[in-house]
Amino acid sequence: MTAKKPDPEDKKPEPAAAPAPVPVPAAAAPAPAPAAKAAPPKYVPPTPVLNRGNGRLIEDRFTTWPTQVFADRWSRPGYQWGAGMLAGILLGFAVTSALIGELAGWGDKLYSLLGAQGLPPLAVEAIWVAIKVILVMHVILINGLWSIWWERKISAHIQTRVGPTYAGSPKGWNFHGWAQTAIDGIKLFLKEDVTPAAADKWVHALAPAIVVVPCIIAFAPVLFGDGLAAASLDIGTLYIFAFAGISVIGIVMAGWGSGNKYSLLGGLRGAAQMVSYELPRGFSVVPVLMFAGSLDLQVIANAQAGYWQGIIPRWFIFYPVVGQLAFTIFLIASVAETNRTPFDIPEAESELVSGFHTEYSGMKWSIFFLAEYAYVLLGSFLLATFFLGGGASPINAVPFTLVPSWLWMLGKAMLMMFVFLWIRWTLPRFRVDQLMDYCWKFLLPWSFVNIAFAGLYLAFWLK
Amino acid sequence: MTNDEVFAKISAKFPMVEKAAVQVKDYLTVRLSSKDDLLPFAQWAKDSSFDMLETVTATDLLGPVDMKGYIRQQNFNPFLPDGATPQIESAPTTGYPYRPAMDLLWVFFSVAEKARVFVRLELPREGISAPSLVPLFKSADWQEREAFDLLGIGFEGHPNLTKILTPDFTQGHPLRKDYVHIKDRFDE
Amino acid sequence: MNNVPEPRTPPQAALKSDRLFINLGPQHPSTHGVLRIGLTIDGEVIVKAVPDIGYLHRGTEKLAEVRNYHHCVVLTDRWDYVAAMPNNLVFCLAAEKLMGVKTTPRADALRVIMCEMNRIASHLLFFGTYGIDLGALTPFLYAFREREMILDLFEMSCGARLTYNYIRLGGVMTDVSPEWLKRTTEFVEYFKPRLDEYDTLLTYNPIFMNRTQGVGIVSPQEAVSWALSGPNLRGSGVNHDVRKSDPYSGYENYDFDVPLGKTGSCWDRYFCRVQEMRQSVRIIEQAIAKLPDGPFMASGVAKIPKPAPGEAYAHVEGARGDLGIYLASDGGISPFRLHVHAPSFINLAMLQEKLVGMKVSDVIALLGSIDIVLGEVDR
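Protein chains in written order, with this note's numbering: chain D, 1 to 463; chain U, 1001 to 1188; chain G, 2001 to 2379.
Mixed in with the good hints there might be a few duds.
To be verified - Using 30 Å as the maximum straight-line C-alpha spacing, the simulated BS3-like pairs for lysine-lysine come out as follows:
{"no.": "1", "chain 1": "G", "residue 1": "K2306", "chain 2": "U", "residue 2": "K1068"}
{"no.": "2", "chain 1": "G", "residue 1": "K2290", "chain 2": "G", "residue 2": "K2244"}
{"no.": "3", "chain 1": "U", "residue 1": "K1114", "chain 2": "G", "residue 2": "K2290"}
{"no.": "4", "chain 1": "U", "residue 1": "K1025", "chain 2": "G", "residue 2": "K2244"}
{"no.": "5", "chain 1": "G", "residue 1": "K2306", "chain 2": "U", "residue 2": "K1019"}
{"no.": "6", "chain 1": "G", "residue 1": "K2102", "chain 2": "U", "residue 2": "K1025"}
{"no.": "7", "chain 1": "U", "residue 1": "K1138", "chain 2": "G", "residue 2": "K2062"}
{"no.": "8", "chain 1": "U", "residue 1": "K1019", "chain 2": "G", "residue 2": "K2062"}
{"no.": "9", "chain 1": "U", "residue 1": "K1114", "chain 2": "G", "residue 2": "K2244"}
{"no.": "10", "chain 1": "G", "residue 1": "K2182", "chain 2": "G", "residue 2": "K2244"}
{"no.": "11", "chain 1": "U", "residue 1": "K1163", "chain 2": "G", "residue 2": "K2303"}
{"no.": "12", "chain 1": "G", "residue 1": "K2048", "chain 2": "G", "residue 2": "K2262"}
{"no.": "13", "chain 1": "G", "residue 1": "K2048", "chain 2": "U", "residue 2": "K1046"}
{"no.": "14", "chain 1": "G", "residue 1": "K2303", "chain 2": "U", "residue 2": "K1025"}
No wet-lab data here; the hints were simulated from the structure.
As the structure is a prediction and not an experimental result, all values here were calculated from the model.
Generate the whole structure from the sequences, applying the supplied hints.
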């Protein structure tokens, strides 16, 4: 798989162009126990076996014989590459967040610069808002690029595959197929946009827009770090839930407008599911709102500052019972809101073929996915804000508390996103009635109980 | 239960049922005298532990198979010259009693006793029909439909005796030895 | 959970509810081939189901009537292409009975090893696709990792990965090499702990159990009446295994158990298959340990066999159930009549009755748990 054997077409081997498989940069590899050994045993492929039936050589496939994979993992190039990939992910975190965080940090200077030009205040405000809108929209687009690639790699490694490896530059800058999503995006742009003859043309075309636009709007008050939000709203939480709830209309429209019975079933299921799960999602946050005493995301994040005994952060997830219960319910309901396995019954590939987006192709189809991943990101940021202390450092010690808040925020959100992916690639799917039972008979009552608990806390402990 | 014990039980209840001249190797094969015996026999089988109807099928005893029933040409090897000896052929063998009749076969199995009895019934080919066993055994449903589709045997009392394997436009019953393929829209 | 809801009647005429007809298949990701089911649904509940088969009908029973016996072995591969070794075996057993050929002990042992490995490969495919049917995409890849090893072993022994044509009249195609035996032993050792991994991944997953337990229950009486066989029958608790009740190829010499289900639900059928893989591993271990020496092909099989007029029936416990061949000869070079007792075909027949009253999602759960192969249904 790796470019081990010399390319026969490469006539004059130059040192630069020669396919030199750099196993792994030494600094990038984390140094667990196996690395401490002097020299890991070299992986020796088994001798090829001549097929007795047709005399053909049975070649070793890229994983060859899994027994050997399990025998000595670290001698395999794949594992070394995996370690490199982890390092790359961390590096990617840092670079992406530096871009977002530092650019946003210049906001005040930029604003005062605009004001100094002698423009009327209304024009200044308009330009300022436009800049913020463009920035927030880029968060959603870049998130699509990043999280699809990440999901593909994570799912691949969960499923004993390797995922995309080739997309990138032919010169060898194809680090784990980093360009896969971009190239997929180009492919989707170039694909034919098919509208079925039986479809209701307008409804069919409008549905993706109605799914994705509320999602973008809902990002306005999302907190990317201390004081980093496009709009600081007093009713931020309510605003996000309200706009995120509009997307379900787009899903019903997609199901209805496609003129396909499977899509119709998918749209109806989607409507039932998303409307139901909004209740436990909303109610599970109520204890958080009670503790913080505000709907403003910034206030909620600030309410979690500080440490108990100087060690345990005062995050809401660490409030005994109530915090964990609220976190779990909110996480489950968020997964359900994003229509991902185990709650993907509106799509249900094996039952409804693809549910509401069966009849979509090209960019319309990818807009549904953009919205899905944006909602995953939204859920991740909300989880980080509500339960994981926003931009606060988990460890009350110097090198950690000096890390900027947007970096902590992004790290927590990415951790939550990984949990989303992890759930998706591990669990099977619910049945429709079980899904509803789970929502109405389990999540919702417990979120009510949780509110009662939170009231007791307020009455006897926190006051 | 050995084959002889099963046959003793059967002949005690149905004296007219006799052992078939040609036995299916290693298994007890009995032959019904007429199709009126079938339903009582099946009812008895169901009541006396032979509660699984494994197979419903039949054999067309008419001469060798007609080569016109095949879509492909007989000489399908492209490297052979024209007029070479056909690669597939059907030739009658001497000494086998070909006759215009069908030999129906039911296989009853006793799950408890692990015993199996093959029941045969020979009926003339023209307008062939036999009683359906669907009211007694659910497994007869699709197997009788298959026998109807491929062999053209009518089953009286079957709730839904329609084609099951061949397409709607296929005419005739392919497993009959005199079946001739009529070209349809899928032939070149 | 009561999965048969009461028939819904609209309370007033003002509340108009229509029934919806949907075509499940022939192109659908979960019908495992070209099966079409016409479903009439009322909301999510099925009121009528009409399975439609025959899209893959190739008429092998007819084709066999103009081929000689050796050629017919090739046809058998194409029935159940997921587990083709038992197909080879059952035709060879029937033809050998007809010709009076006795196979050698080494050939018998090799046949047993191959059939059991193919059973594992087939059950692994079932395990993986059943997970996909119920929305768990990951077990599929794990199952295929192991299935790939088995196919590699098959490729090593006979050169084919899907349609083997390995078991021939009178024995097997070719002997296996010591390297093959070494690798098979390696595989068995590797595979045993993987089965526990599967259990943690899917078998005891609460969502999976919710989806399959109590769904598609087939009582023992129903199972016998539908003449189900294989894990579908044993999932209902009926103890019937051809390997025990009518042993062939020396199965009476091996020590193995027949796993039985309790309630006859989808989960029981699934669990029977998972347990059967363990038993197959046991059989393979025993067969390799006491693999006798000697020729792998019996003498006395003619190049163009012409068995004396007569009838024979042979059946084996294939991966999907009791696979039987009824073979009649008129003394010519071709079978006079070849009838396949195809377990998939017979197992599938219960679908039309069992589906009524289920939910749309349960169609997939039930259909997947029957584990059909359309090549065998349509033959």
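Right, here's what the structure says about each hint:
{"no.": "1", "hint": "K2306(G) / K1068(U)", "result": "holds, 23 Å"}
{"no.": "2", "hint": "K2290(G) / K2244(G)", "result": "holds, 20 Å"}
{"no.": "3", "hint": "K1114(U) / K2290(G)", "result": "holds, 29 Å"}
{"no.": "4", "hint": "K1025(U) / K2244(G)", "result": "holds, 19 Å"}
{"no.": "5", "hint": "K2306(G) / K1019(U)", "result": "holds, 26 Å"}
{"no.": "6", "hint": "K2102(G) / K1025(U)", "result": "holds, 14 Å"}
{"no.": "7", "hint": "K1138(U) / K2062(G)", "result": "holds, 26 Å"}
{"no.": "8", "hint": "K1019(U) / K2062(G)", "result": "holds, 29 Å"}
{"no.": "9", "hint": "K1114(U) / K2244(G)", "result": "holds, 10 Å"}
{"no.": "10", "hint": "K2182(G) / K2244(G)", "result": "holds, 29 Å"}
{"no.": "11", "hint": "K1163(U) / K2303(G)", "result": "violated, 38 Å"}
{"no.": "12", "hint": "K2048(G) / K2262(G)", "result": "holds, 28 Å"}
{"no.": "13", "hint": "K2048(G) / K1046(U)", "result": "holds, 29 Å"}
{"no.": "14", "hint": "K2303(G) / K1025(U)", "result": "holds, 23 Å"}
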